Amino acid sequence: MSADVAIVDYGIGNLFSVRRAFERCGASVVVSDDPQVLLAAPRLVLPGVGAFADGMRGLIERGLDKVVPEFTDSGKPFLGICLGMQMLASVSEEFGEHKGFGIIPGRVVPIPKTTIAGKRHKIPHIGWARLERPKCLAGWEGSILEGLSHDDAVYLVHSFAVQPDNGAHRLADCTYNGRVISAAIRKGNVYGTQFHPEKSGDVGLGILGNFLRAERLKFSYEAAIAPRRG
Amino acid sequence: MAGIRLIARLDIKGPNLIKGIRLEGLRIIGDPQEYARRYYEQGADELVYMDIVASLYGRNSLHDIVRRAAQDIFAPLTVGGGLRSVDDVREMLRAGADKVAINTAAVQRPELIREVAHVFGSQCMVLSIEAKRQEKGRWEVYTDNGRERTGLDVVEWARRGVELGAGEILLTSVDQEGTRKGFDCELVRTVSDAVSVPVIASGGMGSSEHLIDVVQQGHADAVAMADILHYNRSTIPDIREIARASGIEVRRVA
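Those sequence lines, one after another, are chains A and B.
Taken in order, the first sequence gives residues 0 to 229; the numbers are from numbering that gives the first Met the number 0.
Taken in order, the second sequence gives residues 0 to 253; the numbers are from numbering that gives the first Met the number 0.
Derived by calculation from the structure, the hints in this document are not laboratory data.
Just so you know, these numbers come straight off a predicted model, no measurement behind them.
Treat the hints loosely; a few may be bogus.
[Said to hold, decoys possible] Under the rule of at most 35 angstroms between Cα atoms (straight-line distance), these lysine-lysine pairs were calculated in the DSBU-like manner:
| # | chain 1 | residue 1 | chain 2 | residue 2 |
| --- | --- | --- | --- | --- |
| 1 | A | Lys75 | A | Lys118 |
| 2 | B | Lys131 | A | Lys118 |
| 3 | B | Lys131 | A | Lys98 |
| 4 | B | Lys135 | A | Lys118 |
| 5 | A | Lys112 | B | Lys135 |
| 6 | A | Lys98 | A | Lys118 |
| 7 | A | Lys75 | A | Lys65 |
| 8 | B | Lys180 | B | Lys131 |
| 9 | A | Lys98 | A | Lys112 |
| 10 | A | Lys98 | A | Lys75 |
| 11 | B | Lys131 | A | Lys112 |
| 12 | A | Lys112 | A | Lys134 |
| 13 | A | Lys65 | A | Lys118 |
| 14 | A | Lys134 | A | Lys75 |
[Stated by the list, open to error] For the chain A half of the interface with chain B, some residues (derived, Cβ under 10 angstroms), not all of them:
| # | residue |
| --- | --- |
| 15 | Ser1 |
| 16 | Arg19 |
| 17 | Ile59 |
| 18 | Gly62 |
| 19 | Leu82 |
| 20 | Gly117 |
| 21 | His120 |
| 22 | His124 |
| 23 | Leu136 |
| 24 | Ala137 |
| 25 | Glu140 |
Ideal placement from N, C-alpha and C gives every residue a C-beta, glycine not left out.
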């Protein structure tokens, strides 16, 4: 029997927890660094912690950098977690400028060192935050956040955050001392979460369960009109 | 303000959950997995495991405990005790830990902090500091569970650790640990105000009021609690409710 979801193994991160969380949701999981296995899967997850450049290098060294754009172009559901979300962006400012996949255009920038009131606050941002729906978004129906209530909190640990160029790609925000942080992004079949669903208790398991039910998009309007990535 | 994290701390010796007073006079509490599951189900924001004799006796059975925990606990796990190298850290992360806490080995070789932060990211590298009060306003760093003095000043060491790449500090007061008499708020405030990273206050929580004090007066970013939970003198939901009623922002748990 083929797996319900494949997890990209590129030498970093606590993959065990991601695997266990999906298994708890009833999924069969394969963890692999084999491009063919990954591309054949019905759903793909790119986890990751650590520095941006190390993550990209880990993918390139294993010949997996081509897998991500090829998979996301297929219309099958894709989820990038934490660093995996950040690598979807165009460029990161972490330890110099580094190119990302540019699948969801945007920049990875440091979390501001001060609160909205100008007081110094703690970095990394570590803790649980409520997910807030961006005003431009009608609802979370049909997304991996479907069914969440406005009190539901998720666990984050990060010093950098994604700023999508296109506000329509923001799926959920959270605030850290008044600073708005992009907590989840979406472009069609491609999702990214800055938070760790595998570490966010029942709320996180619910989100992963939704991802397992996400369907393949037959036609992506944005992919059709956007110029092809180089 | 950011949400204050309520962290269940589990001190481990061999296969057992244990608890001492001032890190000594250890008593066996029970099976760590049973307690960890209870705290997860109660809504603990994180769990911290500390193998408190590992650094004295070398290798430990902590991996098995962590592996079991990661099977069905979907909350952040920090693990410390006896970790001496990047390879030790990698193994612990493979077992299911999200962060590692390092004390003795970092004091012996501070470069270890930089190495761990470089390979796994600062968010993974928690500097564990055991602090013992000296003359007023000064604290000395201890290792090996409050047994060995180092001559290091706690505030200077905390700053140095953050410069080297520590993303968080687990600050245990050796004087208050296990006493139920409240945190050393002055220690916590002094360190928390001196560094840019979050500080977890540990040692002394006997009641919810102590948590309120260490957040409001001690500027703690997170609070570790042990025997108040182990002996069932309070529960995480009750502590959470009291904290919220006092104006402390904490996660809402359904």
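To see whether the hints hold, each was checked on the structure:
{"no.": "1", "hint": "A:Lys75 <-> A:Lys118", "verdict": "violated, 44 angstroms"}
{"no.": "2", "hint": "B:Lys131 <-> A:Lys118", "verdict": "holds, 30 angstroms"}
{"no.": "3", "hint": "B:Lys131 <-> A:Lys98", "verdict": "violated, 47 angstroms"}
{"no.": "4", "hint": "B:Lys135 <-> A:Lys118", "verdict": "holds, 28 angstroms"}
{"no.": "5", "hint": "A:Lys112 <-> B:Lys135", "verdict": "holds, 32 angstroms"}
{"no.": "6", "hint": "A:Lys98 <-> A:Lys118", "verdict": "holds, 32 angstroms"}
{"no.": "7", "hint": "A:Lys75 <-> A:Lys65", "verdict": "holds, 15 angstroms"}
{"no.": "8", "hint": "B:Lys180 <-> B:Lys131", "verdict": "holds, 15 angstroms"}
{"no.": "9", "hint": "A:Lys98 <-> A:Lys112", "verdict": "holds, 24 angstroms"}
{"no.": "10", "hint": "A:Lys98 <-> A:Lys75", "verdict": "holds, 24 angstroms"}
{"no.": "11", "hint": "B:Lys131 <-> A:Lys112", "verdict": "holds, 31 angstroms"}
{"no.": "12", "hint": "A:Lys112 <-> A:Lys134", "verdict": "holds, 25 angstroms"}
{"no.": "13", "hint": "A:Lys65 <-> A:Lys118", "verdict": "violated, 43 angstroms"}
{"no.": "14", "hint": "A:Lys134 <-> A:Lys75", "verdict": "holds, 27 angstroms"}
{"no.": "15", "hint": "Ser1", "verdict": "violated, 24 angstroms"}
{"no.": "16", "hint": "Arg19", "verdict": "holds, 6 angstroms"}
{"no.": "17", "hint": "Ile59", "verdict": "violated, 18 angstroms"}
{"no.": "18", "hint": "Gly62", "verdict": "violated, 22 angstroms"}
{"no.": "19", "hint": "Leu82", "verdict": "holds, 8 angstroms"}
{"no.": "20", "hint": "Gly117", "verdict": "violated, 14 angstroms"}
{"no.": "21", "hint": "His120", "verdict": "holds, 7 angstroms"}
{"no.": "22", "hint": "His124", "verdict": "holds, 7 angstroms"}
{"no.": "23", "hint": "Leu136", "verdict": "violated, 22 angstroms"}
{"no.": "24", "hint": "Ala137", "verdict": "violated, 24 angstroms"}
{"no.": "25", "hint": "Glu140", "verdict": "violated, 20 angstroms"}
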